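Engineer: Spelled out from the first residue to the last, the chains are:
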Amino acid sequence: MPIIEIRNLSYVYHPNTPYEKKALDDISFTVGKGEFLGIVGSNGSGKSTLIQHFNGLIYPELGSILVSGQDTRDKDFREQLWKKVGLVFQFPEKQLFEATVFDELAYGLKNMGLAAAEIEMRVDEALKSVGLEPEQSRKRSPFSLSGGMMRRVAVASVLAMKPDILVLDEPTAGLDPEGSSHILQAIKKFQQDKGVTVILVSHCIDDLILLADRLAVLDQGKLLAWGLTRDVLAQENLAQYDRLLPDYLKMLFDLKKRGWVINTGLLTVEEACQEIAKILRRDGT
Amino acid sequence: MSFKGIQIIDVTKYYSSGQNQLTWALKDINITMKPGEFIGIAGNNASGKTTLARLLNGLLRPSRGRVLIDGLDTCDHRQKLEIRRRVALVFQNPENQFISPVVEEEIAFGPENLNLSLQEISRRVEEALEVMGLKELRLQAPHLLSGGQKQRVAVAAALAMRPDYLVLDEPTSMLDQFCRHELIKHLHVLNRQQGITIILISHYMEDLEKADRLVVLQKGSLIADASPQEIFQREEQLTGLKPPDIFRMAQLLGKMGYNVDCQITTREEMVAYLCRLSKSVI
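Chains as they are written, first to last, in this note's numbering: chain A, 1 to 285; chain B, 1 to 282.
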């Protein structure tokens, strides 16, 4: 059984006002347990709206969402749902508010009613998961940290709650390549070690190609493609949405348009070069 | 003084982080930017990029050294307004600068404060909407737009001020590939057609590859100031930043024994080259 099931989901913002906007249009797909799903889409494609449905911040108006087989609209399920699904917002460092890193991470755990010893343990574990040394960072003010470090603290505060499903909205936005890869590796490791389901939203497919088991591609509220990463990249119709693709993939699609028989389901520049060389050699013989 | 352009002379900037501790953001920086140039500034987080941007319109003042805008010293209070008229700054997080509930009003806010005629204000608003592709969103509320749309509104608002120098602090961090490409293209058009000097901060090398010059900062020091192509070649100077895909492909194919022209920087050029190559091997 899939851990999340999205059935014919649509969502309209501010219906019957001048600001009316259809954000999601008849979306259906599933997320398997323990899977790493990447959701890609351009600006305004409905990515953030979609994921806010997963932990019940938004309830479906048309269609439905099942988490572990239960409808998110089910009132008796809500409290469980919030614990099950951890959501890391865009720019989560903006929500930091405690005086120390320890208190920041402990805040959610205290609200869950956990014992002090358990809280201590979870805080340290979560800090380590994102590559922060508990001894050095516990007592620091989160506001004395750099942007990248603040981001890691904010992510850790959600990890500490041990959600079954971790949803992250653009966790690398504004970070440099080094900071990005730090966060992404930490999330990947968390998924692999803990068997947690991870859903990562990004406008930058580069972030996801090497990490995600599956990709879901959104455009203007519609689901364009969904499947295993390589399969999605190999899809012919992806070429028309080249606004999402990194340059090397765009180039492969260009070659295809020019009549090359070339596989576009490739994950790196290196793979692309090897594929090109293979074709050139084949043509030569 | 008649010098036109921006002079950053021996600039050092530190912040006090309490208890007599200083955090160094920039150390002995010297950069001269000529009018009409398109300058890329790259560097990792905490390299001093944002500090540099804020020094350029006097939002911050150097701890040591001088920043001169067309000869006007940013430390001179009497010149503050004139400097800010000439140098527009687009912040990293566009939400930090929104003040209006409607996109077109947001863009009109700056010009309104310049005491311009109504016609002139609406002309500038139209132009900015047009250039940034925001016409359809003109009556929307900025805070309800997506991240990328917000960034475009922020740039449009700066453009409506008709600055001589436009400083953009990671304006593409929230944009998808397409919007990024469009924004960079717009900036080049502004640069060429209106002669606006563009100072673009980014850690995406794709954004900066067509800049006239690329300045690389690392931990507050200037470690490179040359053409983007030159700097991409010297990977150690990129300090972990990733050269553009096409550049990497050209290098990899070169290593595989294909004779790739080092002038190839765009996708179109690479496709044309590979197609020629495949015909010649057939």
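Simulated from the structure, these hints should not be mistaken for laboratory data. None of the values given here were measured: they were computed from a predicted structure. Note that CB positions come from ideal geometry on N, CA and C, so glycine has one too. Treat the hints with caution; some may be incorrect.
If you anchor each label on the Cβ, the simulated ranges turn out as follows [to be verified]:
#1 Gln136(A) - Gln194(B): 48 to 56 angstroms
#2 Glu271(A) - Arg234(B): 23 to 31 angstroms
#3 Lys279(B) - Lys128(A): 53 to 61 angstroms
#4 Gln235(A) - Glu236(B): 20 to 28 angstroms
#5 Ser16(B) - Asp103(A): 20 to 28 angstroms
#6 Ser181(A) - Lys4(B): 38 to 46 angstroms
#7 Asp26(A) - Arg276(B): 21 to 29 angstroms
#8 Ser16(B) - Asn16(A): 38 to 46 angstroms
#9 Ser63(B) - Asp76(A): 32 to 40 angstroms
#10 Lys194(A) - Glu236(B): 32 to 40 angstroms
#11 Arg258(A) - Glu105(B): 23 to 31 angstroms
Beyond 12 angstroms from chain B on every Cβ pair, some chain A residues (computed) [said to hold, decoys possible]:
#12 Ser10
#13 Val40
#14 Ser68
#15 Glu118
#16 Lys128
#17 Gly131
#18 Gln191
#19 Lys194
Engineer: Looking back at the hints listed earlier, which ones does the structure fail to meet?
Structural biologist: Result: hints 4, 7, 8, 9, 11 and 13 break, sorted rising.
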